[in-house]
Amino acid sequence: MGVIYVLLTISILVAIVFFIAFIFSIKNGQYDDVYTPSIRMLFEDELVKEGQEKSSTPSKTKQS
Amino acid sequence: MIATKCFHCGNECDKTIVKFDHKTFCCNGCKTVYEIFSTNNLSCYYDLQSTPGAIPKELEGKYDYLDNPDIIERLIEFSNENIQIVTLYIPHIHCSSCIWILENLHKLHTSISASQVNFPKKTVRVTFDTSETTLKEVVTLLNSIGYEPYISLEDYTKGNQHINRSLFYKLGVAGFAFGNVMFLSFPEYFEVSEYWLEQYKHAFRWLMFAFSIPVVFYAGQEYLISAYKGLRNNILNIDVPIALGILVLFIRSTVEIIFDLGTGFFDSLTGLIFFLLLGKFFQQKTYTFLSFERDYKSYFPIAVTRISSDQKLEENIQVYEIKEGDRLLIRNEELIPVDSILINGNARIDYSFVTGESEPVSKRSGDKLFAGGKQMNGAIEIEALKSVEQSYLTQLWSNDIFKKNKADSFTNLTDMVSQYFTIIILCIAVIATSYWLFKDASKAMNVFTAVLIIACPCALALARPFALGNVLRFFGKHKFYLKNADVIEQMANADTILFDKTGTITVHKKNNIEYHGQPLSHTEEALLKNTLRASNHPLSRSLYDTLAAYEIMTLDEYQEYIGSGIEGKHAENSIKIGSTNFVGNPDNEKQLNTSVHISTNDNYRGHFIFYNQYRKGLEKLFKKLSITYEVSIISGDNQGERSYLQKILPKTTSLLFNQKPKDKLNHIKNLQENHRNVMMIGDGLNDAGALAQSNVGIAISENVNVFSPACDAILDASEFEKISDLLHISKKTIQVIKSSFIISFFYNIIGLYFAVIGQLSPIVAAILMPLSSISIVIYVTVLTNFMSFKLYHKKKGDVEAL
Chain A
0 MGVIYVLLTI SILVAIVFFI AFIFSIKNGQ YDDVYTPSIR MLFEDELVKE
50 GQEKSSTPSK TKQS
Chain B
0 MIATKCFHCG NECDKTIVKF DHKTFCCNGC KTVYEIFSTN NLSCYYDLQS
50 TPGAIPKELE GKYDYLDNPD IIERLIEFSN ENIQIVTLYI PHIHCSSCIW
100 ILENLHKLHT SISASQVNFP KKTVRVTFDT SETTLKEVVT LLNSIGYEPY
150 ISLEDYTKGN QHINRSLFYK LGVAGFAFGN VMFLSFPEYF EVSEYWLEQY
200 KHAFRWLMFA FSIPVVFYAG QEYLISAYKG LRNNILNIDV PIALGILVLF
250 IRSTVEIIFD LGTGFFDSLT GLIFFLLLGK FFQQKTYTFL SFERDYKSYF
300 PIAVTRISSD QKLEENIQVY EIKEGDRLLI RNEELIPVDS ILINGNARID
350 YSFVTGESEP VSKRSGDKLF AGGKQMNGAI EIEALKSVEQ SYLTQLWSND
400 IFKKNKADSF TNLTDMVSQY FTIIILCIAV IATSYWLFKD ASKAMNVFTA
450 VLIIACPCAL ALARPFALGN VLRFFGKHKF YLKNADVIEQ MANADTILFD
500 KTGTITVHKK NNIEYHGQPL SHTEEALLKN TLRASNHPLS RSLYDTLAAY
550 EIMTLDEYQE YIGSGIEGKH AENSIKIGST NFVGNPDNEK QLNTSVHIST
600 NDNYRGHFIF YNQYRKGLEK LFKKLSITYE VSIISGDNQG ERSYLQKILP
650 KTTSLLFNQK PKDKLNHIKN LQENHRNVMM IGDGLNDAGA LAQSNVGIAI
700 SENVNVFSPA CDAILDASEF EKISDLLHIS KKTIQVIKSS FIISFFYNII
750 GLYFAVIGQL SPIVAAILMP LSSISIVIYV TVLTNFMSFK LYHKKKGDVE
800 AL
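Chains as they are written, first to last, in numbering that gives the first Met the number 0: chain A, 0 to 63; chain B, 0 to 801.
It should be emphasised that the hints constitute simulated quantities derived from the structure, not laboratory data.
Keep in mind that a hint or two might mislead.
[Said to hold, decoys possible] With a straight-line Cα cutoff of 20 angstroms, these simulated EDC-like cross-link-like pairs (lysine to aspartate or glutamate) come out:
no.	chain 1	residue 1	chain 2	residue 2
1	B	Lys120	A	Asp32
2	B	Lys121	A	Asp31
3	A	Lys26	B	Asp544
4	B	Lys615	A	Asp32
5	B	Lys61	B	Glu332
6	B	Lys121	B	Glu523
7	B	Lys367	B	Asp414
8	B	Lys528	B	Asp544
9	B	Lys373	A	Asp31
10	B	Lys385	B	Glu320
11	B	Lys615	B	Glu720
12	B	Lys731	B	Asp544
13	B	Lys385	B	Glu323
14	B	Lys121	A	Asp32
15	B	Lys568	B	Glu513
16	B	Lys373	B	Glu76
17	B	Lys135	B	Glu382
18	B	Lys296	B	Glu388
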């Protein structure tokens with residue numbers, strides 16, 4: 000009945016993938032500022048309505 | 000005149016109205032900003048929020064020092080061939096429009112590739128191309144659209160700071176392991192001797208072991224280290240029983256699975272550490288937009304303009320390079336960085352950073368100027384008398400008190416309880432073990448570890464962080480910002496309260512003006528008002544504002560004498576306004592209060608006295624406080640206000656005047672030597688020493704974003720009258736924590752019962768530990784919320800009713 004081992008391995012691997020994703024999100028500074036992005040995401044529409052240049056949000060700067 | 004509001008900044012356009020594009024502006028500066036935005040298709044700025052802007056400040060070479068490569072290098076965060084990244088602090092950031100415009104800087108200047116705002120910190124991070132632009136140009140651009148970056152000496156000295164995110168990682172590790180271990184241990188909770196469970200339980204157990212290793216040695220390392228440090232200093236802090244519990248849990252569980260004795264307590268172990276970290280996280284509410292560590296460096300400029308004596312050449316130098324005898328040029332609105340002598344120019348110095356007194360003082364050439372003053376009136380030339388570190392004000396920071404960490408010398412409530420708690424637990428463990436040694440030796444070890452496991456004071460350790468964290472947030476909502484949660488406990492312990500006078504219990508920029516002398520006739524008062532109208536002196540301005548309105552007339556003659564007064568003439572009447580000597584006051588008695596004397600047609604008439612305007616609710620606050628606390632006022636000013644203060648304040652209030660910054664510090668030191676817990680409430684840099692020395696230092700600030708010296712807490716000036724309520728709440732909070740300790744002991748007794756009789760199964764531990772922790776957390780959270788809400792709002796109602 001090796002299937003339990005297979006399932007166990009898969010479940011833990013999936014968990015670890017999410018865990019690593021979490022660690023990386025902290026490292027990238029996603030939790031340093033939890034307020035501004037909530038406002039920033041509302042701007043995009045504003046820019047599209049104006050229909051000028053390209054309406055890209057300021058690209059995320061690389062974190063040092 | 001109809002009051003119209005400026006389309007850009009929202010100020011009233013009272014004097015001049017600039018019309019442009021069917022919109023009104025209060026000045027040309029605002030109009031220019033609007034022009035910049037509308038020509039770049041950025042007028043959306045005004046749609047997001049009405050009147051979001053600020054009036055751009057004039058430059059006049061203010062940022063010339065940004066040409067200096069040394070200074071640039073210190074400010075820049077990242078730099079390679081032609082890309083530079085800089086993070087600038089902009090105090091004006093306050094709304095969504097600000098974020099929008101600052102993140103669209105690339106539309107205003109093509110060489111700016113990206114800009115990102117951190118709203119809570121009020122910073123913008125700009126990436127720009129150095130082959131096309133310079134830092135100076137970026138800063139000038141920001142300034143021209145009304146977002147003036149604040150660059151101070153602190154930016155120069157601090158370098159790149161590292162953000163500590165370890166608590167996030169630890170919480171992540173512990174939470175991840177906790178979830179998985181719970182999952183894996185669940186089948187065995189019911190101990191069904193089922194075939195498949197028997198088959199796989201070893202795999203499950205070893206997996207749990209693997210998950211708990213990083214939890215104990217990474218996430219829980221702080222507790223182990225802190226306990227070790229505590230033991231080495233012979234202190235039984237709360238981390239000692241926690242660390243003991245963690246280690247015993249881990250070792251016993253490992254032994255159990257190695258010898259196949261049971262499943263171990265990995266679920267309780269990971270859960271315990273996860274909850275403890277959660278408590279720590281909750282307590283760690285930080286106000287990123289505030290700084291509690293400010294010293295003079297946050298206010299002093301990076302560079303000043305030095306005038307070389309031989310060639311009359313101006314150059315920008317770093318303030319630390321200022322030597323005795325250097326000639327310096329201080330422009331309008333610039334800070335004087337060193338003690339110096341005024342050489343020439345019209346000095347009007349605002350010492351509000353230093354003393355809290357916002358009335359600028361006029362100085363004449365040859366007068367001594369102290370570091371920390373801000374020049375308010377055109378450019379002046381000064382000669383440095385000392386270097387920056389040796390100046391009168393900055394010397395204060397060489398005092399040892401600024402090197403000491405306040406938290407080290409303070410035993411908090413849990414650590415105090417833990418001293419007894421640990422000893423009692425160890426006694427119980429020893430007694431129970433020796434009992435079992437006689438009765439059934441095989442169970443003795445089992446009981447010993449079980450006692451230590453169940454006694455692990457999880458609930459005890461969580462009560463304080465959650466209660467304090469909660470109150471900390473409550474205070475934050477009511478404009479009282481604490482540096483950390485310990486401050487609440489310190490506040491509850493305080494028994495002596497000291498207030499600074501100027502700026503703390505008085506209101507900035509407001510005076511009570513009273514006239515003493517022969518009454519003035521109608522024409523005289525009209526003349527007085529019109530003469531004042533022409534003057535720009537702050538005293539004239541505030542006097543002008545208090546007088547009744549008269550029709551505007553053109554003066555035949557007007558003369559301003561710097562440092563003494565003004566003279567005006569209309570038709571047959573002349574008036575002199577100014578100092579006693581200037582107007583020829585026959586009665587030359589010394590006035591301690593600021594006063595302005597009047598004479599008409601060379602006859603002395605009387606004088607206006609400027610009294611301090613005290614904050615609303617001052618009398619009531621002092622009356623309330625003096626019941627439970629020893630209250631005193633400690634001021635750097637003269638005794639001018641003594642009699643008035645004695646009249647309005649309770650008799651027990653002691654008043655100390657003419658106290659230098661160092662005297663204030665020493666006064667507090669003396670009080671502390673007499674075992675007093677001192678709370679200092681101040682506002683200026685001159686209080687910095689006292690704030691640092693006191694057990695709790697609270698800075699009162701009219702605008703929390705702009706200025707406050709290093710302190711433990713910052714209180715918005717509008718909440719001044721609430722100080723007694725805040726103290727009351729902090730006292731109540733400590734009571735709530737104490738009551739929660741009793742509940743936590745109750746849980747411990749139940750747990751100990753199971754442990755002592757040798758019946759502690761993993762499932763009992765797994766239920767009891769989270770149950771006790773969660774119920775304690777709910778208990779303190781609900782109670783502190785309810786209590787602070789009730790106290791705060793009930794008191795508010797009282798005030799309104801009166």
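Going through the hints against the structure:
Of the pairs offered as hints, the one joining Lys120 (chain B) and Asp32 (chain A) holds, with about 8 angstroms between alpha carbons and a cut-off of 20 angstroms not exceeded. The suggested pairing of Lys121 (chain B) with Asp31 (chain A) holds, with an alpha-carbon distance near 13 angstroms, which does not exceed 20 angstroms. Restraint check: the Cα-Cα separation between Lys26 (chain A) and Asp544 (chain B) comes to about 56 angstroms, which exceeds 20 angstroms; the hinted pair is violated. Our distance criterion of 20 angstroms between C-alpha atoms is broken by Lys615 (chain B) and Asp32 (chain A), whose separation comes to about 37 angstroms.
At most 20 angstroms may separate the alpha-carbon atoms for a hinted pair to count; Lys61 (chain B) and Glu332 (chain B) meet this at roughly 10 angstroms. Between the alpha carbons of Lys121 (chain B) and Glu523 (chain B) the distance comes to roughly 51 angstroms, so the proposed pair goes past 20 angstroms and is violated. In summary, the hint linking Lys367 (chain B) to Asp414 (chain B) is not supported, as the alpha carbons are separated by about 51 angstroms, beyond the 20 angstroms threshold. As the CA atoms of Lys528 (chain B) and Asp544 (chain B) are separated by approximately 9 angstroms, the hinted pair is consistent with the 20 angstroms bound.
Proposed proximity of Lys373 (chain B) and Asp31 (chain A) is contradicted: the alpha carbons are some 35 angstroms apart, above 20 angstroms. Distance restraint check for Lys385 (chain B) and Glu320 (chain B): the Cα-Cα separation of roughly 11 angstroms lies within the 20 angstroms cut-off, and the hinted pair is therefore satisfied. About 7 angstroms separates the Cα atoms of Lys615 (chain B) and Glu720 (chain B), which keeps this hinted pair within 20 angstroms; it holds. Straight-line distance between C-alpha atoms of Lys731 (chain B) and Asp544 (chain B) comes to about 45 angstroms, which puts the hinted pair past the 20 angstroms bound.
For the hint pairing Lys385 (chain B) with Glu323 (chain B), the CA-to-CA distance comes to about 5 angstroms; that is within 20 angstroms, so the pair holds. For the hint linking Lys121 (chain B) to Asp32 (chain A), the alpha-carbon distance of about 11 angstroms falls within 20 angstroms, and the restraint holds. Proximity of Lys568 (chain B) to Glu513 (chain B) is assessed by CA-CA distance (about 24 angstroms); at most 20 angstroms being required, the pair is judged violated. Straight-line distance between C-alpha atoms of Lys373 (chain B) and Glu76 (chain B) comes to about 29 angstroms, which puts the hinted pair past the 20 angstroms bound.
For the hint pairing Lys135 (chain B) with Glu382 (chain B), the CA-to-CA distance comes to about 27 angstroms; that exceeds 20 angstroms, so the pair is violated. A hinted pair counts as satisfied when its Cα atoms are at most 20 angstroms apart, and Lys296 (chain B) with Glu388 (chain B) qualifies at roughly 10 angstroms.
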